[in-house]
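Participant: Protein chains in written order, with the numbering used here: chain L, 2 to 265; chain A, 2 to 265; chain D, 2 to 265.
Where hints are given, some of them may not hold.
Copies of the same chain are indistinguishable here, so a pair counts whether it falls within one copy or spans any two.
What the hints assert, rightly or not - Derived lysine to any residue pairs resembling SDA-like cross-links, with alpha carbons at most 25 Å apart:
(1) Lys262 x Ala201
(2) Lys24 x Arg251
(3) Lys262 x Asp71
(4) Lys262 x Glu252
(5) Lys262 x Arg251
Rather than coming from a laboratory, the hints here were simulated on the basis of the structure.
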Amino acid sequence: MTGSVSTAREGPLAFVTLAHPGKLNAMSRAMWRGLRAAFVALQASDARCVVVRGEGGAFCAGGDISEYPDFRFEEASLRDFHETDVWGGLRALLDCDVPVVAQIEGACMGAGMEIASACDIRIAGASARFGAPIARLGFPMAPREAQLVAQATGALTAREMLLEAAVLDAPLMLARGFLSRVVQDADVAAQALASAQRIAALAPQAARANKQALRRIHEPNWPPAPAGIGEAATDLIAGAYRYAAGAEHREGVTAFIEKRKPVF
Amino acid sequence: MTGSVSTAREGPLAFVTLAHPGKLNAMSRAMWRGLRAAFVALQASDARCVVVRGEGGAFCAGGDISEYPDFRFEEASLRDFHETDVWGGLRALLDCDVPVVAQIEGACMGAGMEIASACDIRIAGASARFGAPIARLGFPMAPREAQLVAQATGALTAREMLLEAAVLDAPLMLARGFLSRVVQDADVAAQALASAQRIAALAPQAARANKQALRRIHEPNWPPAPAGIGEAATDLIAGAYRYAAGAEHREGVTAFIEKRKPVF
Amino acid sequence: MTGSVSTAREGPLAFVTLAHPGKLNAMSRAMWRGLRAAFVALQASDARCVVVRGEGGAFCAGGDISEYPDFRFEEASLRDFHETDVWGGLRALLDCDVPVVAQIEGACMGAGMEIASACDIRIAGASARFGAPIARLGFPMAPREAQLVAQATGALTAREMLLEAAVLDAPLMLARGFLSRVVQDADVAAQALASAQRIAALAPQAARANKQALRRIHEPNWPPAPAGIGEAATDLIAGAYRYAAGAEHREGVTAFIEKRKPVF
Numbered sequence: 002m003t004g005s006v007s008t009a010r011e012g013p014l015a016f017v018t019l020a021h022p023g024k025l026n027a028m029s030r031a032m033w034r035g036l037r038a039a040f041v042a043l044q045a046s047d048a049r050c051v052v053v054r055g056e057g058g059a060f061c062a063g064g065d066i067s068e069y070p071d072f073r074f075e076e077a078s079l080r081d082f083h084e085t086d087v088w089g090g091l092r093a094l095l096d097c098d099v100p101v102v103a104q105i106e107g108a109c110m111g112a113g114m115e116i117a118s119a120c121d122i123r124i125a126g127a128s129a130r131f132g133a134p135i136a137r138l139g140f141p142m143a144p145r146e147a148q149l150v151a152q153a154t155g156a157l158t159a160r161e162m163l164l165e166a167a168v169l170d171a172p173l174m175l176a177r178g179f180l181s182r183v184v185q186d187a188d189v190a191a192q193a194l195a196s197a198q199r200i201a202a203l204a205p206q207a208a209r210a211n212k213q214a215l216r217r218i219h220e221p222n223w224p225p226a227p228a229g230i231g232e233a234a235t236d237l238i239a240g241a242y243r244y245a246a247g248a249e250h251r252e253g254v255t256a257f258i259e260k261r262k263p264v265f
Numbered sequence: 002m003t004g005s006v007s008t009a010r011e012g013p014l015a016f017v018t019l020a021h022p023g024k025l026n027a028m029s030r031a032m033w034r035g036l037r038a039a040f041v042a043l044q045a046s047d048a049r050c051v052v053v054r055g056e057g058g059a060f061c062a063g064g065d066i067s068e069y070p071d072f073r074f075e076e077a078s079l080r081d082f083h084e085t086d087v088w089g090g091l092r093a094l095l096d097c098d099v100p101v102v103a104q105i106e107g108a109c110m111g112a113g114m115e116i117a118s119a120c121d122i123r124i125a126g127a128s129a130r131f132g133a134p135i136a137r138l139g140f141p142m143a144p145r146e147a148q149l150v151a152q153a154t155g156a157l158t159a160r161e162m163l164l165e166a167a168v169l170d171a172p173l174m175l176a177r178g179f180l181s182r183v184v185q186d187a188d189v190a191a192q193a194l195a196s197a198q199r200i201a202a203l204a205p206q207a208a209r210a211n212k213q214a215l216r217r218i219h220e221p222n223w224p225p226a227p228a229g230i231g232e233a234a235t236d237l238i239a240g241a242y243r244y245a246a247g248a249e250h251r252e253g254v255t256a257f258i259e260k261r262k263p264v265f
Numbered sequence: 002m003t004g005s006v007s008t009a010r011e012g013p014l015a016f017v018t019l020a021h022p023g024k025l026n027a028m029s030r031a032m033w034r035g036l037r038a039a040f041v042a043l044q045a046s047d048a049r050c051v052v053v054r055g056e057g058g059a060f061c062a063g064g065d066i067s068e069y070p071d072f073r074f075e076e077a078s079l080r081d082f083h084e085t086d087v088w089g090g091l092r093a094l095l096d097c098d099v100p101v102v103a104q105i106e107g108a109c110m111g112a113g114m115e116i117a118s119a120c121d122i123r124i125a126g127a128s129a130r131f132g133a134p135i136a137r138l139g140f141p142m143a144p145r146e147a148q149l150v151a152q153a154t155g156a157l158t159a160r161e162m163l164l165e166a167a168v169l170d171a172p173l174m175l176a177r178g179f180l181s182r183v184v185q186d187a188d189v190a191a192q193a194l195a196s197a198q199r200i201a202a203l204a205p206q207a208a209r210a211n212k213q214a215l216r217r218i219h220e221p222n223w224p225p226a227p228a229g230i231g232e233a234a235t236d237l238i239a240g241a242y243r244y245a246a247g248a249e250h251r252e253g254v255t256a257f258i259e260k261r262k263p264v265f
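Produce the complete structure using the sequences and hints provided.
Facilitator: See below:
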């Protein structure tokens, strides 16, 4: 058993579930590949919102350390793990134009922080805990992953997590601007669902275009990832107004003027 | 009546007032052009601080949707609206080297968020409300505008506003780092004025140079806006020390050493 | 007496002390050069964590204004001061791969804000005060310095400090995300030491690699600083996985699997 990443659909919503029983959903290589496959499929789907969650009361406690001796101690295989498996999964999540809500219960550590950092909305339970104490494991966070986390948490929090191996609680992560909402533990799933339903009732093409624009703020000017990982460079401004004559745009504006509720 | 943007001077201060009666100062095309004209003129003026405010208890509730059927449903005219009218106004505000205080009362939505995001200091009343729920209108925020807002609010807040159509209150926007101060509704104008007076008593060329330096942090690496919109590329470091022999610099340092109050 | 920057070692820890008696440790030119020398040496040392602190209950109250008439009123010498002396010191601090904890007591103003902004972890006493009211002195913050501060404080706080000459207290700087922790004044040194000890017990090469990755997020795309100031451009991804076969990496992962405490 090396864990799994599965996708379920309920109408316009998709639920991506990280599952690795007995390991607080620690990400195995197979799970990173599963994460990539899940989000490549979702990007091509008609889903209007995705909820990412963990099974059994944890979000994700990190990487599956039991696999590490197989590949970590040789540079080429280590690079392949981070640049292809891990970044392949995270990049597919980042490149997904469908809005993504993170439903965060319990441990959100290491790989869990990376996955949560790539989501749009983050809703956590009051007892959730956040960190990336891999300095205890003797290795750094890979550069792309460290920047993803730092851009989501702010540089100060990332430095506390990586240099002090600090573990932060949910109220502090709310104050640091990483979390959208902190709710009672028993309400996390319901609140994540409510957020997803709100999003799904809104204009789907508009959401996709907003995600495309916002994604560009934080693009580091780096060598490209291995072939096939990451979206093609496109001219964001050139395509930005092609929606003009679209049905969704016309419906929204017209409904407002006619003082009725739009149907997207 | 399509609303107006007017400028008044009181000594070293300028007051730019958004006015669109009955529409909570929603921005019409004429108002975006007026905003641009106002800030192009202020940049060339001897004003030492600008207060941007709305008439009648609201800052700005968004765009003037009644105009949208005239131009939104055709790509070229939609592009011209966003890239020339809207971005022309916002870019003139961003390019203004004179410090700008946003006096935010009531609704600060959509276009209002964009205008507030381009100001330096943001002072809001306790009952002010913030958002950009245009996903209800079936269209995305234009890319330059979305990045402006996200850089001012943080990516998380921008995603809540654009993807969830969330409306956030003033205390939350203070906690998110968007607002400088939240004061009682009745005190917003007085507190914005006090901030402007403090700024106006300080060295004006220093303020301009500080704004030039800070502006560069967030310059996206994008295709240039239409001709005439946006400052020329200049070498910030090359010009950074030309103030050395200036009267303002000499007065400030000399006054400190002589233990007297400087007069700028 | 023009002040001093001295370094003391205690096992894996280094303590860099800013001292300018009677001037709340205001930075003289000699001190900026001393800061650079200290961090160039620390980068080449086996120190695992550095604490930066001020002598006598203040962190650093700014620049040594008594020196300013000697060089500030001529462009070439002013440029040389900021680009070589000040940026030389700050850049050496930023380029130091060893984690740096700022122990902030009392005044943290101007040059003090710049030095604190270049540290990784910031721990302040409840009565510490923060600002950069140089607009009272009639001059702007130099561009590289302004961007350093703004990236650490957020743009809003930097604009308040530079345009309003605002002075902010420690609880507000905690809320703004600049400070890691605010503690009782009497506990600042003990808490900074505790942070440094935690960091020093963790994997030192991992810390260095994490700092290299995080540093790149905020590199402005600017003309290079004068020769000798600032690290050489390197390909971060190319070197990111060379640690694979290293002892530290193997020890950390192996210790975890063997359920024992790693020794780095």
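Participant: Hints first: check each against the structure and report whether it holds.
Facilitator: Okay, the hints, checked on the actual structure:
1. Proximity of Lys262 to Ala201 under the C-alpha cut-off of 25 Å is restricted to the intra-copy arrangement: shortest distance 15 Å within a copy versus 48 Å between copies.
2. Proximity of Lys24 to Arg251 under the C-alpha cut-off of 25 Å is restricted to the inter-copy arrangement: shortest distance 21 Å between copies versus 49 Å within a copy.
3. Taking CA atoms no more than 25 Å apart as the test, Lys262 paired with Asp71 passes between copies only; the shortest distance there is 21 Å, against 56 Å inside one copy.
4. When the C-alpha separation of Lys262 and Glu252 is checked against a cutoff of 25 Å, the pair qualifies only within one copy, where the shortest distance is 9 Å, while the shortest distance between copies is 61 Å.
5. With identical chains, the CA atoms of Lys262 and Arg251 are at most 25 Å apart within one copy only, with a shortest distance of 13 Å there and 60 Å across copies.
Violated hints for the displayed structure: none, as all numbered hints are satisfied.
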